[in-house]
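S.K.: Work from the hints to combine the two standalone chains into their complex.
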Amino acid sequence: MSEEQERTLLQRLGLPLAVVAFLLPIVLQPDGLDAAGHRMFGIFLAAIVLWITEAVPLYATAVLIIFGEILFISEASVMPLPEGFEAPPIDDFYSALANPVLMLFLGGFFLAEGAAKYRLDRNLARVLLRPFGTSPTGIMLGLMLITAALSMFMSNTATAATMTAVVLSVTATLPPGDRLRTSLALSIPIAANVGGIATPVGTPPNAIALAGLTERGISISFLEWMLATLPFVILILVAAWWLLGRLHRSETKELKLEMEGEFDMSRPAILFYGVFALTIALWLTEPLHGVPATVVGFLPVVVLLSTQVFGVTELQNVRWDVLWLVGGGIALATGMAAAGVDEWLVALVAWENLPVALLLVVLAVISLALSTTISNSATANLLVPIGLTLAMSDAVAVDPLLAGIIIAVGCSLAMALPISTPPNAIAYATGAVRTKDLAVVGLLVGAIGLVLFLAVAPLWWNLLGIAGM
Amino acid sequence: MTTPRLVVLCVEDEPDVRDAIVRDLAPFEPAVVTETAESADDAREAIAEITEGRDRLGLVLADHLLPGTTGVDFLVELHEGEATARAKKVLLTGQAGLDDTVKAVNRADLDRYVAKPWDPEELRAVVRDQLTEFACEHVDDVLPYLTVLDSARLLEVHGTRAADR
Chain A
1 MSEEQERTLL QRLGLPLAVV AFLLPIVLQP DGLDAAGHRM FGIFLAAIVL WITEAVPLYA
61 TAVLIIFGEI LFISEASVMP LPEGFEAPPI DDFYSALANP VLMLFLGGFF LAEGAAKYRL
121 DRNLARVLLR PFGTSPTGIM LGLMLITAAL SMFMSNTATA ATMTAVVLSV TATLPPGDRL
181 RTSLALSIPI AANVGGIATP VGTPPNAIAL AGLTERGISI SFLEWMLATL PFVILILVAA
241 WWLLGRLHRS ETKELKLEME GEFDMSRPAI LFYGVFALTI ALWLTEPLHG VPATVVGFLP
301 VVVLLSTQVF GVTELQNVRW DVLWLVGGGI ALATGMAAAG VDEWLVALVA WENLPVALLL
361 VVLAVISLAL STTISNSATA NLLVPIGLTL AMSDAVAVDP LLAGIIIAVG CSLAMALPIS
421 TPPNAIAYAT GAVRTKDLAV VGLLVGAIGL VLFLAVAPLW WNLLGIAGM
Chain B
1 MTTPRLVVLC VEDEPDVRDA IVRDLAPFEP AVVTETAESA DDAREAIAEI TEGRDRLGLV
61 LADHLLPGTT GVDFLVELHE GEATARAKKV LLTGQAGLDD TVKAVNRADL DRYVAKPWDP
121 EELRAVVRDQ LTEFACEHVD DVLPYLTVLD SARLLEVHGT RAADR
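Residue numbers (this note's numbering), protein chains in the order written: chain A, 1 to 469; chain B, 1 to 165.
Bound-form chain B, shown alone (with noise of 0.2 Å):
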């Protein structure tokens, strides 16, 4: 029985940022995978895809200037969409001005806003942080994640949930 991986979707339309962010969180594999998207088309494929396997969305890494719509609009459909309500959304970006940042706020629960240019370290701990919290709100077992995310959390989580059998 294979495991349901979390998948880290990123929408971003310059090769090269999609590149080093995937390089970025590399590390966080095999239990963790990251996809890309460079338009907000592209993403809603890949979220349709993504639902429709094993795999879980618990993640979106967007950039705020995309083709044809912005990151912060994407982010708010995504929030009042049922099959995208609860992955964790992140604005990686270094455009969005404040009205648009308050409105990812408020409209779409934006839980972080990383500003370009990323240290990659950070850019991981956000990772691995939002993806913790996803994975203790929203996945029954945990423990495929020990190794790539918050072991503490999760344990903590795990223990409660799981029982002698």
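In isolation and in its complexed conformation, chain A is listed as follows (with noise of 0.2 Å):
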């Protein structure tokens, strides 16, 4: 399938202007970098460039990094290095498209892949639903916290998808101009933005973050990941689920929910629900057994494989641009760390003036804004490198891993417009919400949340022992 796109101005100029950013460190040679350091820095600004112009996809810009690290500053580079500079070898780029972070999204993916098929996602909505009755208010707060649920461990996307399926069908009936119709379409790409932010498996962000950290060897188990974000994530869905009621007023009182469908319940139904189940829950367990996250992911993508529930078609479904611009993220950082342009960047700017406090502020703010006009990852490939670095200097004293989770949930609170998400284009496309009611939810929501994770999250983490200030 292909589509002739029209490009943009933006992108039409994003590819001149990448190799003008390129040659500009090794044309200009700043002090403090080699040669290494000055062709590393190119490959950053020119990702900078690429990322935020989109003059290539996302994930070709993630490709074309790893090609230029292995090219210019590794063992196998074609232009000669400096002397003492210790080149990578080529695997350590390569390696990145097998990170194990890779593997734990895969593992998600995997779950997603036949949540879609067998319905289950759609299956788990009908039921969980119920409960919430039939007003307006109830349902909304069921479809949120269902939504948010579903997307901390299938894709926001896929799950806006599927939600707002659900919200159409029971807004249908509704009288034309109800304002009821925008809260609850608005409702769902706001809980899956949110809930997303509760796995590390919940959205790439995420797993940019879990593996900049990894790479420093710091550590963060799935529950503690789960057991920091997840009260947060609670918190701004209920203050939107509020906030959506008091925008949208509405006369209805009554909506009538009919959603049809049956479990599935062929055999390799059931054997998918309890690799399901069992994933999960090993995700879940890991203070008791120790096998990590990245390990128990894999589970799902040996045993589907080999009982042959999932065969090359599911193989093939697996969203490799998603995977590899994770990828190029971390090989970015890598060739970064390698040829200490981070630390070059970093101590650029004279941070000891700066209060933590508002370091945290700023990471924060720098990646909600980016990542409201730019893509969610591509914002974290950028930020990650250099926030970590930042944060594990001497200069200042923020624990690196407050830094990654704050940059990971900054990306994920921008909703501010239309593009910003995938689930936000979804809920735009219904027609019922209009760029001006999903800027004023998705400032607002992004302002709660972020305030709530700046000044009360970090005291909650330093109860639990995950990190402090």
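Hints are computed from structural coordinates only; laboratory data are not their basis.
Hints may be right or wrong, so weigh each one.
Unchecked claim - Computed footprint of chain B on chain A, listed as stretches where at least three residues anywhere in the stretch have a Cβ under 8 Å from a Cβ of chain B:
(1) 149-157
(2) 162-176
(3) 196-208
(4) 318-324
(5) 371-377
(6) 420-426
Idealized CB from N, CA, C, for every residue including glycine.
M.R.: Below is the structure:
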């Protein structure tokens, strides 16, 4: 399938700009970096340009980074490397595409693929929605909690598509102009974006932060991540639910829920349910058995393929573009560390004069602002290497774990525009949501989320012993 | 960036009938537009224009008796043409006999047959169904058509194609 895409001016300018960005440090040779550093800095600048302009697809930028690093700063470099520079072997860059965190994500993809294939997501939504009654506020709360729960384990986008279909069927009989349609349509992307925060596999920025942390020898288990984030995700959801009820008043007192369907009870479906439940159970019980989430993540892959519940079709359905985009970010971080670019960048600013709290605010705001307009994953790819290096530098005393989570959270909280996230685009496409509606709720929820995560969460994390200020 | 529109091409020589069809399909606008042609030649020109631009020919709605040719022969021609093979094909007629209809099914891969006089609701249902199928099969980004086509089917397809980014 190919469609002619009309290219925007930004996209057409992107490629020449990226070439200029790449050459700039090589020509200007800024102090403090050797030749390898100049080239790596060039790759970083080009990556910024390409990820912002999307002159080439996001995943193409990822492979360009890997190739650039291999060609210019690895053992196999086509240009002479400076004396004393320890050139990394090419494996260091290629291996980003098989990073254990990517395997964790691959497991998540397998669960999501099966959930869609056997309609587990729809059937769970149907059953779980029942207890929430027929009042609009009750149903909205139910929709939001279910959407958030599903998007913790499936992609935010797939969840939003499924749940928006539910919303459209529920609101089909509402009178034209009823604002309830708006609040329900809005509730889905908000819940999907926010829900993605709560697990390491919830959305790609989490994986990118996790990979960056692991690379630096800092570990956080699946359960710890959930404990650290889920309480705040729930608080944000409740706040958003309250807000949506206030913003869009409606006279409707009752909604009819007519969702048909039955759980698939075929043999492969039941086997899949078992694998699904077991994988999640093992992720949540790591402290009991000690098997890392990245190992458990490979379990659904192995079991579903070897029992032939999944075949070539499902394997081909894996979103390699998403995995490779994350992989590109990991390779970028590896390259910047190898060439000393991350430390050099951090040293450019006199961070000592900034209070720690302000530093985190800055990280969160930059990540939120950037990912409002560009891809969340690209934002995380660019900010994680710098943010973590900064946190670990002598100049400041920020727990890197705090910095990592804050960057990932900031990316997910960006939802003020239809283009901010794919779930937003879905809500906008229903016609029930205007850009203004999205901007108001998106900004408010983003702000509430930021305040909670910056002001309250660190205290909670301290209490849990996960991270400290 | 403008969204490509899906085009319903209506080939019909009677001006009154053309107007009625355009009126009946007006609720699909603006994501879906109806273009009209009074003859096969006229239709070929219209198709050439559509193919040059960014809009997509989603459905051809043809009458059977046309000046100089038959609707069925024209649909067979479209089915064999590279740019038009994917478009859904519907006969809207009162005059196609059994042989012609069989030919349309076998050689033009006819998707639906709507008998004249038609019920506007039924015509819209056929168009909605066929365009939804076309969008699910051949359009990368189906979101622009959510409000006018079958949203449940489009969202299901969208959920498998789009990913977090």
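S.K.: For each hint, tell me whether it holds in the structure or not.
M.R.: Outcome of the hint check:
Closer than 8 Å: that is the beta-carbon criterion, and the stretch 149-157 of chain A has 3 residues meeting it against chain B, so the requirement of 3 holds. For the stretch 162-176 of chain A, the assignment as covered by chain B holds, since 5 residues bring a beta-carbon within under 8 Å of that chain's beta-carbons and 3 suffice. Counting residues of the stretch 196-208 of chain A whose C-beta lies closer than 8 Å to any C-beta of chain B gives 3; at least three are required, and the coverage claim holds. Residues of the stretch 318-324 of chain A with a Cβ under 8 Å from some Cβ of chain B number 3, which satisfies the need for three, so the listed coverage holds.
Counting residues of the stretch 371-377 of chain A whose beta carbon lies closer than 8 Å to any beta carbon of chain B gives 3, which meets the minimum of three for the stated coverage. Counting residues of the stretch 420-426 of chain A whose C-beta sits closer than 8 Å to any C-beta of chain B gives 4, which meets the bar of three, so the coverage hint holds.
The structure shown violates none of the earlier numbered hints.
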